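Q: Spelled out, the chains give:
Number of protein chains: 2
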Amino acid sequence: MQLGYIGLGLMGKSMARNLMKAGHSVTIHNRSRAAVDELVLEGAREAGTPFEVAQSSEVVFLSLPDTPDVEAVIFGTQGLRGGFRPGTILVDNSTIQPAASRRIATLLSADGVTALDAPVSGGDIGAREGTLAIMVGGPRPAFEAVLPLLQAIGKTITHVGESGAGQVAKACNQIMAAAQMVAMAELLILAQKSGVEPSRVVEAIRGGAAQCWTLDVKSPRLFAGNRQPGFKAHMMHKDLGIILETGRVYGVPLPMSAVNLQLYEAMLQMGMPGLDNSAVIGVYEALAGVQLALPA
Amino acid sequence: MQLGYIGLGLMGKSMARNLMKAGHSVTIHNRSRAAVDELVLEGAREAGTPFEVAQSSEVVFLSLPDTPDVEAVIFGTQGLRGGFRPGTILVDNSTIQPAASRRIATLLSADGVTALDAPVSGGDIGAREGTLAIMVGGPRPAFEAVLPLLQAIGKTITHVGESGAGQVAKACNQIMAAAQMVAMAELLILAQKSGVEPSRVVEAIRGGAAQCWTLDVKSPRLFAGNRQPGFKAHMMHKDLGIILETGRVYGVPLPMSAVNLQLYEAMLQMGMPGLDNSAVIGVYEALAGVQLALPA
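As they're listed, the protein sequences go chains A and B. The numbers in the numbering used here rise by one with no breaks, and the one at position 57 of the first sequence is 62. The numbers in the numbering used here rise by one with no breaks, and the one at position 210 of the second sequence is 215.
Chain A extracted, bound-state conformation:
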């Protein structure tokens, strides 16, 4: 199949590669060159503009940082929109505002183009190994048409509902993920300053009602002194911004997520935007005047 992929960051590059491995012809476009050169060597075709990507693709994928990037690639100068042919499907793997995904889908449907919002969860490892969770919103026939392609890049693929529903699910995912990250930070620093070995506490509680992905996967990395991403703090900060904006648009006060956004804002101001999102514990170390003790 003739595919396009725009946005070859840590996530996008791996997803584009997995589509190539599944036997598809992929036309790529990216702001910076390194990833382009790498994939061209592996057989991808380079396009100079999003417009050219649209002209040569039956399905176009995006993996871009934020809402304005997605809108610029679609509607900007030399953007996708001018090059789309009727019947094309746009699969947006970016995490952006649900309301923006809905707006994009409505505008493109006038051109006979179907947009699916299909944000992913599972980090760079999931992207590399093709085991991402993919949350999809948009018309079911288009979802079914691209399902074999999604199966090349992810494992748990859910059609959540109409346009924007994938982005809503991703926002919901991040509400819980951020809550777990911040709760882990609070409990580890509370344990330590109360004179209790933090790793013993995790051992005592991780099998009960506190059990979660974050304690299971991220606490061992913190105890190993590893705060490298994974999923970067400034991306979690961006996602919490989307969450609060979605709450504003649809009328939902979100007091806990609002506090969590402020904690990630602090993390950015403290000079830690590129650390893993679990490194929000660094904010608590500063607040409480202590460093997390590593197990002996």
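Keep in mind the hints are simulated off the structure, nothing from the lab. Treat the hints with care, since some could be wrong.
Just so you know, same-sequence chains aren't split out, so a pair can sit in one copy or run between any two.
As the list claims (entries may be wrong) - List time: in silico EDC-like cross-link candidates among lysine to aspartate or glutamate, alpha-carbon distance up to 20 Å: (1) 26 - 47; (2) 237 - 51; (3) 160 - 208; (4) 198 - 57; (5) 243 - 71; (6) 237 - 63.
Note that the structure is predicted; figures quoted are calculated from it, not measured.
Please arrange chain B on chain A, whose structure you already have, making use of the hints.
A: Chain B only, in chain A's frame:
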């Protein structure tokens, strides 16, 4: 062995019964009669005061609502302290302030009595089935002496550290449990008001980084329209009070848990103290002017 058990609520009654089933002779005391009558019929011996319980027991267990209750039973008129013989071990299954557990342990050690803080997690079902998680603080020899008794009431039994360490672990457990409950409420109401079926969202996200005990165990109950305890909201409110007080004593700002305490405070003021702690979603229903939609 000659045991004592004081505090026969939903949790304590089941724990006392499991100690009896393990072949021990248990002397009981409780403020209200019904649980006493029930256990006496099953072979327990009744004592009129905590003092009498102490006089006839090698190990005394407590399961009481809060710090003042525990202090009254130990140090009050006709309290345990006057009746303890040197060598007695006190096992406190209540969830109270870590600093209070440490104070109690110090005071009792002057009498040759060893106090272990041993709060539990796992709810009324865990208490009935003897599958509780038990987090223990205090001297290791005393822990090892009572371990066979703890194995009659729980499954995951961890010696976390010195006196108070069990309470610290329980406080840490509740930081994460409350965060999951509140995050679940925020994400379900956000999904719904964004026009997405909440149960579809849970299905899409529960296998990834948002995975947790609360989504696994509690969301199906909410979707079944069931907000009965489980673990009551006013107890979570009490535990969050302990968490914030522990943060105050040991010097740890806890902004997210502070917000969560306010949300459970709202739940109490809205007349829902006896519902399950997952019913904090009722606060968000009120805030957002919507009722959680149950799946068709």
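Q: Does each hint hold? Answer for all of them.
A: Structure-based check of each hint:
1. In this assembly of identical chains, the alpha carbons of residue 26 and residue 47 lie at most 20 Å apart only when taken from the same copy (10 Å versus 69 Å across copies).
2. In this assembly of identical chains, residue 237 and residue 51 lie within 20 Å of each other by CA distance neither inside one copy nor across copies; the values are 28 Å within and 60 Å between.
3. Taking CA atoms no more than 20 Å apart as the test, residue 160 paired with residue 208 passes between copies only; the shortest distance there is 14 Å, against 30 Å inside one copy.
4. For a Cα distance limit of 20 Å, the shortest separation of residue 198 from residue 57 qualifies neither inside one copy, at 58 Å, nor across copies, at 38 Å.
5. For the identical chains of this complex, residue 243 and residue 71 are intra-copy neighbours only, at 8 Å inside a copy versus 41 Å across copies, given an alpha-carbon limit of 20 Å.
6. With identical chains, the CA atoms of residue 237 and residue 63 are never at most 20 Å apart, being 32 Å at best within one copy and 55 Å at best between copies.
Against the hints set out earlier in the document, violations occur for numbers 2, 4 and 6.
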